[in-house]
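K.L.:
The listed protein sequences derive, respectively, from chains H and W. Be aware that the first sequence starts at 38, since it is given in my numbering, and climbs by one per residue. Be aware that the second sequence starts at 267, since it is given in my numbering, and climbs by one per residue.
Please keep in mind that the hints were generated in silico from the structure rather than gathered at the bench. Treat each hint with caution, since some may be false.
[To be verified] Only pairs whose alpha carbons sit at most 30 Å apart, straight line, appear in this in silico DSS-like list of lysine-lysine:
#1 Lys75/H - Lys99/H
#2 Lys390/W - Lys177/H
#3 Lys390/W - Lys180/H
#4 Lys427/W - Lys171/H
#5 Lys44/H - Lys266/H
#6 Lys180/H - Lys169/H
#7 Lys141/H - Lys427/W
#8 Lys266/H - Lys99/H
#9 Lys390/W - Lys169/H
[What the hints assert, rightly or not] Label pairs and their calculated CB-CB ranges:
#10 Lys171/H - Gln453/W: 51 to 59 Å
#11 Thr72/H - Leu543/W: 48 to 56 Å
#12 Ser392/W - Ile131/H: 54 to 62 Å
#13 Ile131/H - Pro360/W: 15 to 23 Å
#14 Leu543/W - Gly179/H: 48 to 56 Å
#15 Phe270/W - Tyr58/H: 53 to 61 Å
#16 Asp161/H - Ser457/W: 45 to 53 Å
#17 His104/H - Gln453/W: 23 to 31 Å
#18 Val269/W - Ala116/H: 36 to 44 Å
#19 Leu543/W - Thr68/H: 32 to 40 Å
#20 Leu151/H - Leu461/W: 46 to 54 Å
#21 Pro157/H - Ser457/W: 49 to 57 Å
#22 Pro157/H - Tyr403/W: 49 to 57 Å
Even glycine gets a Cβ: it sits at the ideal position worked out from N, Cα and C.
Chain by chain, the residues run as shown.
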Amino acid sequence: MSVELTKQGLVLSTNGLSAGYDGRPIVSDITIEATPGKVVSVVGPNGSGKSTLLKSLVGVVKVLEGHVTVGEHEITNLAPEEVAMIGVGYVPQIDDVFPPLSVKENLEIGGYLLSRREIPGRIDAVLDFFPKLKTMMTRKAGKLSGGERKMLAMGRVLMLSPSVLVLDEPTANLAPMVATQLLEEFVRGFADFGSTVLLVEQRAKAALRISDWTYVLGGGKVVLAGAPKDLEQNPLFVESFLGGSAPSRSTSNE
Amino acid sequence: MSVFLSSLGFGLISAAVLAIATVGFTMQFAVTNVLNLAYGSVMINSAFVTYYLNYHAHLNAWVAMIGGVFTGAVASYLLNRFVFTPFQRRNLLPITIVIVALGVDLCGTFGLQAIIGGSYFSYKQSLGREIHFWGMYFSTLQLIIMGICVVVLGLIHWLLKYTRLGKAMRATSANPNLARNSGVRTQRVISSTWLISGALCGLAGTVFAMNTGVFDATSAQLYIVLMLAAMFLGGPGSAYGAMIGAVTIGVATELSAGYFNPQYKEVIAFVVLLGMLTFRPYGLFGSEKTN
Ligand SMILES: Nc1ncnc2c1ncn2[C@@H]1O[C@H](COP(=O)(O)OP(=O)(O)OP(=O)(O)O)[C@@H](O)[C@H]1O
Ligand SMILES: [Mg+2]
């Protein structure tokens, strides 16, 4: 690979964080940490506040209490564009591309903070990682398939060689095969490049397989945390997330 | 046949003026989500700055036009900065902005009328030689206006397609949150949009007044109907759609004026607008918000 894909990761951590909409907290008392070279995942049922948590890290949702830091930087309530500048790449759960713009233009916007001369080289580096995108550079992002679109969404954040990747359900709406490939090849790949990866996933089994550490969110709080192999031994976790008897929608995937 | 051709000639010039106006109007809506119903009053105020520079400061009308363009840009920027943005920040219903814009439009139009009075004005400018081909008549002035239109639309195309700012404008229009997450300072992009679209507004006002010949403070009051029709015909939010919509509406209204009564221009445009809203709310070509 000609250029490095991501920068050396930085530690992303929160301390007693609470966040929500219109001053009402949806998530509260969240203390988590993601470290370089590791995939840290957050799982939990629908509506438990996973997306809200991620949004509060990247400046989209207001932090009401507590702190967020990346490396040496405190990023609590920084504007989204400043969070991007510090090296945090965020792929939202929905609205993750610019549909009317071509694939190439989406990547160019991803590299908005780079100088004009740097952009072609970065696009090449991203295309080396997602070769499938090479053949569709002039296609409108709105016309891509679900899997292609997610690759583009990730490619867009890779344009700035982020130190930290924050990914919100990258496998939502993807066929199981594509989802597995996306997680095992690409998401795990980012961490293996030395980047810090914070991943929200509905597919608990698949998430555990590529994670180094997992937080379980329930009702806006961290209710369980541990290494995947320990969680797999935890009866409570197995019952609610890995296809036990508890009726939770999050078990239906995989 | 000759009514058809002469009306078509008129239509092409009206279309050129309307295209310049509608592209600016559409950019404001697409990038900043403001349906700026005060656009017409900024146009006519800019036209009067051109008039002042032309008539009282004795500048050539084309030179004076620069003042009109400048006025449109600055006035639109200030309007966004001190009126629309503060209202948008409060997260009110979208209709609020429309009502505010309507109020600004009335203040702009009748404020101007209070200053200059109710009489008619025209630029000190010759129409130039008359040129005719294929049964259509054009004055040199009209040909220059069409030339300006082609150049301006070409520049806008270049801006949107090939420049960093233009791509950021389209990205902000498509998904402002994601644009910010990508490092785009959308507030600056929005300010630039108001400056550029405001310049188009000032230019449109001046060429509108030149093309009309005589004008007063209320001359552009109904122009908003033509712009809305052209915008919805091309698909709201699409600059290219606006260009095509403007040509269609410009030609259609002048043809109808040639055959029926010129007074019905806005009515025709309004019928087209209603038809579009009913049957093709995303425009003739658009599926949703397209760029
Ligand atoms: N913009 C918003 N304004 C107000 N409340 C919101 C907003 N977005 C989400 N919520 C509420 O916050 C709660 C958590 O939503 P969130 O999207 O964070 O859940 P999630 O864990 O990501 O769910 P999913 O698995 O379905 O993506 C929900 O009750 C939701 O209704
Ligand atoms: Mg979610």
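K.L.:
For a quick check of understanding: which of the numbered hints are violated here, in increasing order?
P.N.:
2, 3, 8, 9, 10, 14, 16, 18, 19, 20 and 21
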